[in-house]
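S.K.: Sequence:
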Amino acid sequence: MTSRRQSGFTLVEIIVVIAILGILAATAVPVFRTWQMRARGTEAKVMARQILDAQIVYYMEHDKFYPPDDTTIEIYHADASNSPNVKMVADHLNIVVPTGHFLEYTLQPANTLGEFSLLISSSGKFQIFKDAYAVQWIVNKKGEIQEIPWS
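Under my numbering, the first residue of the sequence shown is numbered 1, with each subsequent residue one higher.
Source of the hints: derived by calculation from the structure; they are not laboratory data. Check before you lean on any hint, since a few could be wrong.
Derived pair list, reagent style PhoX-like, types lysine-lysine, alpha-carbon separation capped at 25 Å [what the hints assert, rightly or not]:
hint: 1; residue 1: Lys142; residue 2: Lys64
hint: 2; residue 1: Lys142; residue 2: Lys45
hint: 3; residue 1: Lys87; residue 2: Lys64
hint: 4; residue 1: Lys141; residue 2: Lys64
hint: 5; residue 1: Lys64; residue 2: Lys45
hint: 6; residue 1: Lys141; residue 2: Lys45
hint: 7; residue 1: Lys87; residue 2: Lys45
Just so you know, these numbers come straight off a predicted model, no measurement behind them.
Build out the structure end to end from the sequences listed, making use of the hints.
M.R.: Encoded structure:
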């Protein structure tokens, strides 16, 4: 009698494949989180640069920063592109404010020193930068920009 070998995988082969997939998944999750953090950090920097440049131009044209009169404008990640705050910022600063992302913007008017403050934070306490959940930029009347990470 000849014995026929049945086709298929042995239990050891299946366990080895599952172990390899588990190792790959365990290393991929932290890499994916780092990639998300870098992407959001890049988006925050690009958006901050656009807002800050627009603020400098606005200041040169109007001799004051936007928003005036001690009004703080907050734009949340869930705001629609036609929300009042988004439209006000877009109309006054001539920029496109992205919505539906994971960033939230706070535009604060000039303080006693005449400085404008922009705070960009992530919704859901997701890190934007290494060890920072939010970043604040301050612009003075000379157009100098200072970046302050928040943890």
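S.K.: So, for every hint listed, does it hold in this structure?
M.R.: We went through each hint and held it up to the structure:
1. Lys142 - Lys64: Cα-Cα ~12 Å, so holds.
2. Lys142 - Lys45: 21 Å, holds
3. Lys87 - Lys64: The given pair, whose Cα atoms are some 19 Å apart, holds under the 25 Å limit.
4. Lys141 - Lys64: 8 Å, holds
5. Lys64 - Lys45: 23 Å, holds
6. Lys141 - Lys45: 21 Å, holds
7. Lys87 - Lys45: With a Cα-Cα distance of about 21 Å, the restraint between Lys87 and Lys45 holds, given a limit of 25 Å.
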